[in-house]
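Student: Working from the sequences, and respecting the hints, build out all of it.
Residue numbering for the sequence shown follows the working numbering, starting at 1 and increasing by one per position.
Since the hints were made in silico from the structure, they are not lab data. A few of these clues could be false.
[Claimed, not checked] Using C-beta positions, here's what the derived DEER-type ranges look like:
1. Thr57 with Glu24: 35 to 45 Å
2. Asp21 with Asp45: 34 to 44 Å
3. Ile20 with Val91: 14 to 24 Å
4. Gly8 with Gln85: 23 to 33 Å
5. Arg61 with Glu36: 43 to 53 Å
6. Gly84 with Ala18: 34 to 44 Å
7. Ser92 with Val14: 22 to 32 Å
8. Glu73 with Arg29: 50 to 60 Å
9. Ala15 with Thr57: 41 to 51 Å
10. Glu42 with Asn77: 48 to 58 Å
11. Ala40 with Gln76: 43 to 53 Å
We treat Cβ as the ideally placed atom computed from N, Cα and C, and that holds for glycine.
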Amino acid sequence: MSDNAVDGDEVAHVADLARIDLDEAEVERFTEQFGEILTAFEALDEVPETERDAELTNVMRPDEVRECLSQEEALQNAPESEAGQFKGPKVS
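Tutor: So this is what it looks like as structure tokens:
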């Protein structure tokens, strides 16, 4: 891979999208690191392809219908419930 696979502008753009403030030294360091990561991924191109198994088999047990908890039993240990449902904190 060429030395300029990733440039500082791209690193700064990604940092901006992630809402991360980077100074010039950090941008330069991450540019080098991203280049090294991309070079490491080139090694995957050298991995030989293999034949796939013809068919996969399911090793999980079949589902079984069993008696379940009542609504009251399910909610008995909940810190808070409202209208028969678990109540949790608001997520904004």
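Student: Does each hint fit the structure? Answer for all of them.
Tutor: Hints, one by one, checked against the model:
1. Thr57 with Glu24: 35 to 45 Å: With Cβ atoms ~55 Å apart, the hint is violated.
2. Asp21 with Asp45: 34 to 44 Å: Holds: the Cβ-Cβ distance is about 35 Å, inside 34 to 44 Å.
3. Ile20 with Val91: 14 to 24 Å: About 22 Å separates the Cβ atoms of Ile20 and Val91, which means 14 to 24 Å holds.
4. Gly8 with Gln85: 23 to 33 Å: Hint violated: Cβ distance 50 Å, outside 23 to 33 Å.
5. Arg61 with Glu36: 43 to 53 Å: 45 Å, holds
6. Gly84 with Ala18: 34 to 44 Å: Since Gly84 and Ala18 have Cβ atoms about 40 Å apart, the given range 34 to 44 Å holds.
7. Ser92 with Val14: 22 to 32 Å: 25 Å, holds
8. Glu73 with Arg29: 50 to 60 Å: 55 Å, holds
9. Ala15 with Thr57: 41 to 51 Å: Between Ala15 and Thr57, where Cβ atoms are some 46 Å apart, the hint holds.
10. Glu42 with Asn77: 48 to 58 Å: Holds - the Cβ-Cβ distance for Glu42 and Asn77, about 52 Å, lies within 48 to 58 Å.
11. Ala40 with Gln76: 43 to 53 Å: 52 Å, holds
When each numbered hint is compared with the structure, violations occur for hints 1 and 4.
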